[in-house]
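A.B. asks: So the protein sequences, as listed, match chains A and B.
Numbered according to our numbering, the first sequence spans residues 1 to 290.
Numbered according to our numbering, the second sequence spans residues 1 to 335.
Since the hints were derived computationally from the structure, they do not count as laboratory data.
Please note that a few of the clues may not be correct.
Label pairs and their in silico Cβ distance ranges [unchecked claim]:
#1 B/R6 - A/V89: 27 to 35 Å
#2 B/R210 - A/S147: 37 to 45 Å
#3 A/L65 - B/I181: 37 to 45 Å
#4 A/D183 - B/A211: 27 to 35 Å
#5 A/L65 - B/K203: 31 to 39 Å
#6 A/D183 - B/Q325: 34 to 42 Å
#7 B/N218 - A/I270: 18 to 26 Å
#8 B/K2 - A/V89: 37 to 45 Å
#9 A/D183 - B/L42: 41 to 49 Å
#10 B/Q225 - A/Y153: 41 to 49 Å
#11 A/T174 - B/G295: 28 to 36 Å
The following residues of chain A were derived to be distant from chain B, with all beta-carbon distances above 10 Å [what the hints assert, rightly or not]:
#12 M54
#13 F59
#14 V239
#15 F242
#16 S264
Keep in mind the model is a prediction, meaning the values are calculated, not measured.
Quick reminder that beta carbons are idealized off the backbone N, C-alpha and C, glycines included.
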Amino acid sequence: MLEVTIIYGFINSIILALIALGFSLTFGISGVSNFAYGAMYIMAGYAVWIMINMLGLPFILAAILAVILTSLFGLALYRFVLLRVRGMVISEVIATFGVGLAILELFRYLGFTGFEYTLPVFTDGSVVIGDTYIDHQRLWIVGIGISLAIGLYLFTRYTKTGLAFRGIAQDEKTALSLGINSDRVAGLSVAFGSGLAAIAAILILPRGTISVNEGYDVLINAMAVCIIGGLGSTVGVIVASFMIGYAQMITDAFSGPHWKMIVSLVAILIILLVKPSGLFGKQKELEERI
Amino acid sequence: MKQKRRERIDRGIKVRSDDIFALTSYREFLYVSVPPVAPIILLLALPLILPLYWQKVLITTAVFAILALSWDFLVTVGMVSLGQALFFGVGAYLAGYFDLRFGLPIWTTIPLATLMGGLISAILLLPVLRLRGVYFSMVTLVLPLMFERTIEATGWLGGTEGLTGLKSFSNIWVECYLIVIVLLLVFFGFRRLVTTDYGLVLKAINNNDRAVMSGGINIYWMKAQALFITGSIGAFCGAFMTHVYMFVGMPVFALDYSILPLASAVVGGMGSFAGSLLGAFILVPLSEALRGIGGLRTVIYAISLVVFIVAIPEGIFHYVQRKYQQFERWATVDN
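Kindly produce the complete structure, drawing on both the sequences and the hints.
C.D. replies: Have a look at this one:
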């Protein structure tokens with residue numbers, strides 16, 4: 001029992017981290033709101049499903065195309081919606097949330113619900129650690145999740161684009177004066193974040209059926225991880241995912257799955273009460289607190 | 001080089017009747033008095049002329065208009081809520097619970113639910129008040145969804161079945177006139193409130209919170225009061241609808257109750273309250289007319305929300321107001 005909790009808690013944490021990476025890259029690191037994140041996640045899932053089952057493409061091609069298409073959608077979202085309301089936080093939030101809502105409810109209206117909407121796993125089979133069976137898909141999730149997290153950490157510290165992402169969040173005007181085209185960088189950031197959402201969707205969705213409601217859950221979980229970890233910190237995302245991931249598993253094991261949903265919310269409220277800028281948030285510590 | 005640009009000038013009648021306030025003719029008198037009086041007469045007369053089905057629509061519209069007004073009020077204080085359904089749902093469940101558990105009469109459950117709903121909402125959101133930016137939106141977005149999940153999972157308060165067999169109002173006239181009068185009270189009350197000293201402080205918190213703090217005012221306490229006001233009004237709507245439907249269930253936390261008030265306020269125009277009222281009275285009857293398309297309605301709200309916030313951020317009301325008060329002409333300018 002304990003072993004299962006530990007192993008599945010670990011996997012659950014990696015899944016949370018994977019979900020939160022894209023949101024964190026856009027919202028946490030570059031300071032651009034993307035509340036259509038959950039919708040993009042679900043959209044990527046349905047895009048792969050449509051390409052495989054209706055257009056007959058092979059899985060690999062469909063997956064790559066889905067990631068590219070979602071990134072392009074993110075870019076378009078920035079260019080046609082976000083760019084016009086940039087800097088007005090209220091409008092950014094409402095506009096992106098509206099776009100996400102429109103996409104999710106459109107899928108619901110079109111009837112994309114049911115057991116046939118599943119994505120194929122990467123490789124079939126399972127391995128045994130101790131007495132616990134783990135299927136290959138979860139191993140893929142862990143492997144790719146960890147490498148993406150490390151990749152993101154290195155990317156935001158050692159590449160020019162990554163540094164520019166952090167730069168525009170810290171001080172957009174200074175970034176401009178140093179030759180960073182903040183509009184282009186912010187657009188790229190939304191595109192990258194959307195691409196990461198698509199990758200997460202392709203990895204995680206094969207575990208069950210694709211459902212519209214999951215879009216909201218993904219957004220909530222991603223927000224929870226970002227708030228708790230602190231904006232602008234990759235380490236914070238990882239630590240927060242492990243905290244929430246294990247907290248969810250433990251509540252699941254000891255008090256039943258009913259309470260699993262409430263863990264992230266309680267965690268958000270506690271962290272806002274105790275340390276409002278999150279565990280590792282330094283970037284805007286002063287500006288966000290009143 | 002000579003160029004043309006459009007210039008806007010206040011109409012003479014506006015200057016005479018509004019700014020100088022020298023009313024010398026019926027025309028000027030009507031110019032000042034029609035805009036505030038027309039909605040009152042219209043709202044009070046509507047229940048008399050509408051058929052039964054549209055009376056029900058009027059009730060829903062008024063509820064959404066009140067929610068939109070309370071959303072607009074929160075925005076005035078600098079808090080953007082993405083979850084008016086929280087206030088609505090808390091009030092609805094409280095009223096249902098009081099009715100079923102203690103068998104209280106309707107005129108007790110609604111005031112109780114109103115006050116307690118405001119209190120509960122304010123307490124739930126207290127942790128977020130210390131932060132600026134999008135945290136408030138995030139948490140308000142999360143809370144109603146969480147309530148819905150909790151009730152679904154634990155089966156408390158009737159679970160997925162909801163609470164049924166609640167008391168109803170004696171007849172539809174009571175329902176109609178109660179909600180219309182509350183709507184008018186909330187509308188004119190808010191418009192009055194933001195011009196008082198109290199409202200001025202609230203607006204100042206939105207503009208520059210540090211300046212208000214350095215003025216020796218406890219802004220958390222002020223924000224909590226604003227939350228209580230909004231929460232109470234939202235909870236009243238919830239409690240009222242509970243008794244209209246004689247039922248309360250998980251749909252009270254649905255996204256509809258969050259997104260429609262928001263869309264109404266944005267389409268109508270934020271910041272003036274009149275915009276929210278106008279927006280609700282455009283969107284809700286429209287959606288009722290489009291009932292046939294079912295789930296697509298939310299998509300339409302969402303799209304209209306995005307279009308208005310991106311392309312026409314001032315909203316319909318401010319456009320109308322400008323046309324009413326100013327005229328435009330082409331002027332040549334040298335540069």
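A.B. asks: All hints, please: hold or fail.
C.D. replies: A quick look at each hint next to the structure:
1. B/R6 - A/V89: 27 to 35 Å: 31 Å, holds
2. B/R210 - A/S147: 37 to 45 Å: With a Cβ separation near 44 Å, B/R210 and A/S147 satisfy 37 to 45 Å, so the hint holds.
3. A/L65 - B/I181: 37 to 45 Å: 58 Å, violated
4. A/D183 - B/A211: 27 to 35 Å: 31 Å, holds
5. A/L65 - B/K203: 31 to 39 Å: 50 Å, violated
6. A/D183 - B/Q325: 34 to 42 Å: 36 Å, holds
7. B/N218 - A/I270: 18 to 26 Å: Cβ of B/N218 to Cβ of A/I270: about 23 Å, so the range 18 to 26 Å holds.
8. B/K2 - A/V89: 37 to 45 Å: 41 Å, holds
9. A/D183 - B/L42: 41 to 49 Å: 46 Å, holds
10. B/Q225 - A/Y153: 41 to 49 Å: 44 Å, holds
11. A/T174 - B/G295: 28 to 36 Å: At 47 Å between Cβs, range violated.
12. M54: 22 Å, holds
13. F59: 30 Å, holds
14. V239: 19 Å, holds
15. F242: It holds; A/F242 is separated from chain B by about 20 Å at its closest Cβ, greater than 10 Å.
16. S264: 8 Å, violated
Figure legend: structure checked against the earlier numbered hints; hints not met, in rising order: 3, 5, 11, 16.
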